[in-house]
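**Q** Sequence:
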Amino acid sequence: MGSMMHSSPYESPEGALIENKWFKGAVVFIMPSSAMTPWSLEVHVHNHQAAGMPEGHAEFGSLSVADNSTKYKSIQATDGSRLYLSYVMPSKPIVGINEFEFTLHRRNDMMTFPADSSYTCDMYPWMPSMGHSSPNNVNPVHDDMGHYKGQVNFTMTGDWQIKVYLNKNGQRDSTYFDLVF
Numbered sequence: 105m106g107s108m109m110h111s112s113p114y115e116s117p118e119g120a121l122i123e124n125k126w127f128k129g130a131v132v133f134i135m136p137s138s139a140m141t142p143w144s145l146e147v148h149v150h151n152h153q154a155a156g157m158p159e160g161h162a163e164f165g166s167l168s169v170a171d172n173s174t175k176y177k178s179i180q181a182t183d184g185s186r187l188y189l190s191y192v193m194p195s196k197p198i199v200g201i202n203e204f205e206f207t208l209h210r211r212n213d214m215m216t217f218p219a220d221s222s223y224t225c226d227m228y229p230w231m232p233s234m235g236h237s238s239p240n241n242v243n244p245v246h247d248d249m250g251h252y253k254g255q256v257n258f259t260m261t262g263d264w265q266i267k268v269y270l271n272k273n274g275q276r277d278s279t280y281f282d283l284v285f
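Each residue of the sequence shown is one higher than the one before, counting from 105 in the numbering used here.
Heads up, a few of these hints could be off.
What the hints assert, rightly or not - Only pairs whose alpha carbons sit at most 25 angstroms apart, straight line, appear in this in silico SDA-like list of lysine to any residue:
id, residue 1, residue 2
1, LYS177, LYS125
2, LYS196, VAL147
3, LYS267, SER173
4, LYS125, LEU145
5, LYS196, TYR228
6, LYS196, PRO158
7, LYS177, LYS267
8, LYS128, VAL147
9, LYS128, PRO158
10, LYS267, MET231
11, LYS177, PRO158
12, LYS175, LYS125
Don't read these hints as lab results, they were simulated from the structure.
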C-alpha cells in the first residue's frame, strides 16, 4: 500500500480451477486507500500441471478501497497478537436462520497474515434497539483456511450486533459485527 508498505490478509486459490477457468481468491483490505496511499495488488500465477509449468505476474496499482469497517474487525488479543476478523455471510440476511461465516487471520508481521484455525468461538446476536437476543443459534467452528461457520437466527428486521467471542488457552477476546436489514 503506497508508502506504508504492508500487506493484508488474503486467500490464494488451492490450485483448482472453477467452472469458467478462473482462479478464485480473496483479499481483506485492512484500511481504506487515499490519494497519497493507494493500494496495489500483485498476482503471481504458476501452472504446475501444464507442460513447461508456465507462470506469470501482474500488478494492479492505485486501487481505490473504501472504508468498510462494518465488514472487518481488528483486535488486539489478550496474548498480544493482532487478529483480523472478516465478515463473509449472510450477505442478504433474512428473518430466521442464516448461515454465518467470518474469516480469522493473525498478523505475524506487516507482510504476513496467515489464516488462524486455533480458536473456538461463541456467538451472541444482540438487537440493541430492542434489548434482546435470539434463540437457536449455532456457534461458529473452524471449517477451512481460517473460515469459521455457524448459524445466526434473526427474529426480526432491524439493527443487530453479532458478538463473536474467541477462546484460546483459557483466554477470551471479543468483537462484534454491526448489521442492519
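**Q** Next, verify each hint and record whether it holds.
**A** Structure-based check of all given hints:
{"no.": "1", "hint": "LYS177 / LYS125", "in the structure": "32 angstroms, violated"}
{"no.": "2", "hint": "LYS196 / VAL147", "in the structure": "30 angstroms, violated"}
{"no.": "3", "hint": "LYS267 / SER173", "in the structure": "15 angstroms, holds"}
{"no.": "4", "hint": "LYS125 / LEU145", "in the structure": "21 angstroms, holds"}
{"no.": "5", "hint": "LYS196 / TYR228", "in the structure": "19 angstroms, holds"}
{"no.": "6", "hint": "LYS196 / PRO158", "in the structure": "40 angstroms, violated"}
{"no.": "7", "hint": "LYS177 / LYS267", "in the structure": "11 angstroms, holds"}
{"no.": "8", "hint": "LYS128 / VAL147", "in the structure": "12 angstroms, holds"}
{"no.": "9", "hint": "LYS128 / PRO158", "in the structure": "19 angstroms, holds"}
{"no.": "10", "hint": "LYS267 / MET231", "in the structure": "10 angstroms, holds"}
{"no.": "11", "hint": "LYS177 / PRO158", "in the structure": "38 angstroms, violated"}
{"no.": "12", "hint": "LYS175 / LYS125", "in the structure": "28 angstroms, violated"}
Of the numbered hints given earlier, the model fails hints 1, 2, 6, 11 and 12; all others are met.
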